[in-house]
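Asker: Sequence:
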Amino acid sequence: MRSKSSTIRTHRTVTALAALLAGALALSACSSSDKDREGSGEKTGGATGSTVSLPKLNGASLEIAAVWTGQEQKNFKQVLAEFEKRTGAKVTFVPAQDPIINFLGSKIAGGQPPDVALLPQPGAIKQAVQRGWAKPLGPEALKELQKNYSQGWQDIGKVDGKQYGVYYKAANKSLIWYNAKVFEGAGAKEPKTWKDLLDAARAVDDSGVTPFSVAGADGWPLTDWFENVYLSQAGPEKYDQLAQHKIKWTDPSVKQALTTLAQIWGKKEYLAGGQDGALQTEFPASVTQTFTGGDQPKSAMVYEGDFVQVNIGETKAKVGTAAKVFPFPAVGSTAPVVSGGDAAVILKDSKAAQALATFLASPDAATIQAKLGGYLSPNRNVAVTAYPNAVQQKIAKALIASGDAFRFDMSDQAPQAFGGTPGKGEWKDLQDFLKNPADVAGAQAKLEKDAAAAYGSGS
Numbered sequence: 002m003r004s005k006s007s008t009i010r011t012h013r014t015v016t017a018l019a020a021l022l023a024g025a026l027a028l029s030a031c032s033s034s035d036k037d038r039e040g041s042g043e044k045t046g047g048a049t050g051s052t053v054s055l056p057k058l059n060g061a062s063l064e065i066a067a068v069w070t071g072q073e074q075k076n077f078k079q080v081l082a083e084f085e086k087r088t089g090a091k092v093t094f095v096p097a098q099d100p101i102i103n104f105l106g107s108k109i110a111g112g113q114p115p116d117v118a119l120l121p122q123p124g125a126i127k128q129a130v131q132r133g134w135a136k137p138l139g140p141e142a143l144k145e146l147q148k149n150y151s152q153g154w155q156d157i158g159k160v161d162g163k164q165y166g167v168y169y170k171a172a173n174k175s176l177i178w179y180n181a182k183v184f185e186g187a188g189a190k191e192p193k194t195w196k197d198l199l200d201a202a203r204a205v206d207d208s209g210v211t212p213f214s215v216a217g218a219d220g221w222p223l224t225d226w227f228e229n230v231y232l233s234q235a236g237p238e239k240y241d242q243l244a245q246h247k248i249k250w251t252d253p254s255v256k257q258a259l260t261t262l263a264q265i266w267g268k269k270e271y272l273a274g275g276q277d278g279a280l281q282t283e284f285p286a287s288v289t290q291t292f293t294g295g296d297q298p299k300s301a302m303v304y305e306g307d308f309v310q311v312n313i314g315e316t317k318a319k320v321g322t323a324a325k326v327f328p329f330p331a332v333g334s335t336a337p338v339v340s341g342g343d344a345a346v347i348l349k350d351s352k353a354a355q356a357l358a359t360f361l362a363s364p365d366a367a368t369i370q371a372k373l374g375g376y377l378s379p380n381r382n383v384a385v386t387a388y389p390n391a392v393q394q395k396i397a398k399a400l401i402a403s404g405d406a407f408r409f410d411m412s413d414q415a416p417q418a419f420g421g422t423p424g425k426g427e428w429k430d431l432q433d434f435l436k437n438p439a440d441v442a443g444a445q446a447k448l449e450k451d452a453a454a455a456y457g458s459g460s
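Oh and the sequence shown: position 359 is 360 in the numbering used here, straight run, nothing missing.
Please note that a few of the clues may not be correct.
Here are the computed lysine-lysine pairs in the DSS-like style, where the Cα-Cα straight-line distance is at most 25 Å [what the hints assert, rightly or not]:
1. Lys144 with Lys57
2. Lys196 with Lys299
3. Lys239 with Lys447
4. Lys75 with Lys86
5. Lys352 with Lys159
Worth flagging that the hints you see were computed from the coordinates, not collected in a lab. Note that the coordinates shown come from a computational prediction; the quantities given were computed from them, not determined experimentally.
Take the sequences, apply the hints, and build the full model.
Answerer: Pasting the structure below:
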């Protein structure tokens with residue numbers, strides 16, 4: 002059985018968080034005076050002060066694996082450099098491929114597992130425990146975790162009541178980023194509701210710019226699109242039931258969400274490159290093509306989380322001026338708030354591995370990466386001022402203020418075979434739906450067949 006701890010929340014608190022996030026992002030224009038450093042790799046000089054005690058580990062060597070690439074990987078390496086400086090240990094970053102569970106399986110089979118891995122799904126943590134790979138956190142890491150994290154973020158790193166994961170990185174996945182110049186030229190306004198979003202898309206389309214860039218080559222952004230529509234439209238209780246496969250994907254609530262999504266995905270002229278072009282667009286390009294091209298970018302809007310800022314940092318657009326953001330609009334009665342995250346899990350138990358997990362659970366580690374932008378920490382003791390601009394500060398404040406009220410990414414709660422494997426399960430089924438958004442019933446049937454197989458296997 003999948004843990005319910007991360008999904009049983011109150012509707013009232015989620016509604017309050019949605020309102021807080023909406024108010025926070027309304028201030029995004031205020032950030033134009035900030036020095037936007039997303040993705041710049043600007044050196045921070047490490048965390049300001051030390052809040053955690055770490056052992057001396059001279060001569061120790063560690064490997065840490067994650068699927069992070071590009072600037073995100075570069076920024077995380079600055080965090081590892083600080084750990085090396087404080088302990089004397091040597092840490093090597095190992096680039097992993099998705100799905101990371103398969104990557105780790107091959108490493109373990111070859112007798113060379115990394116000491117620590119950052120796992121992007123609670124389902125992956127559960128699999129690592131079931132296969133005997135994951136090691137429980139020791140007393141120092143537990144102490145740091147309990148001091149700095151809300152109960153909800155601790156619980157989603159547990160399996161059978163034992164703590165295995167430190168959620169080092171979080172994501173707010175309920176954001177739509179837009180090209181301010183295009184919106185201004187089209188006379189479009191930041192939408193509050195789904196209808197408003199369709200109105201803004203129409204205005205942008207009439208102005209001669211394609212409204213949306215959709216990263217269809219990567220299945221996971223499509224699952225995030227679905228989750229936001231579904232959470233807002235069907236409500237938190239149904240969301241929890243579908244996440245645990247207690248209701249089927251053939252349920253009328255899924256039909257309604259897919260039909261709603263098709264109002265955008267089904268309009269060829271609304272997608273950069275049409276459906277075929279979207280299916281060939283990988284996530285980084287979906288962002289950069291929205292913020293390059295002067296008055297005629299390939300698209301005006303791109304949906305995804307706070308981490309979009311890393312990719313915006315690869316363009317000349319500045320967050321808060323040329324690149325602005327609004328909360329995912331309310332499709333039903335309330336706007337959705339969907340979160341995700343990456344948890345550090347120990348695979349080879351040692352004093353050094355436990356020390357690294359302890360460090361990653363501390364405000365010191367998160368503060369270093371927070372200053373570099375394109376990153377969000379669920380650690381409540383990271384100063385909001387560590388984030389490099391007003392937009393990021395407000396997003397971080399809203400996440401911490403939510404306490405335990407977030408809904409965790411649905412596909413990340415699912416078995417890896419359904420919710421986390423490229424070219425299979427939900428990722429592939431939604432890619433097929435993007436290709437043919439008229440076939441709602443066919444998409445539901447495929448989703449249910451794949452979900453039943455994956456959940457039934459207990460993976």
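Asker: Determine for every hint whether it applies to the structure shown.
Answerer: Checked hints:
A C-alpha spacing of about 19 Å is found between Lys144 and Lys57, which places the hinted pair at or below 25 Å, so the restraint holds. A distance of roughly 23 Å separates the Cα atoms of Lys196 and Lys299; the hinted pair therefore holds under the 25 Å criterion. A C-alpha spacing of about 20 Å is found between Lys239 and Lys447, which places the hinted pair at or below 25 Å, so the restraint holds. As the CA atoms of Lys75 and Lys86 are separated by approximately 17 Å, the hinted pair is consistent with the 25 Å bound.
Between the alpha carbons of Lys352 and Lys159 the distance comes to roughly 21 Å, so the proposed pair stays at or under 25 Å and holds.
When held up to the earlier numbered hints, the structure conflicts with none and fits them all.
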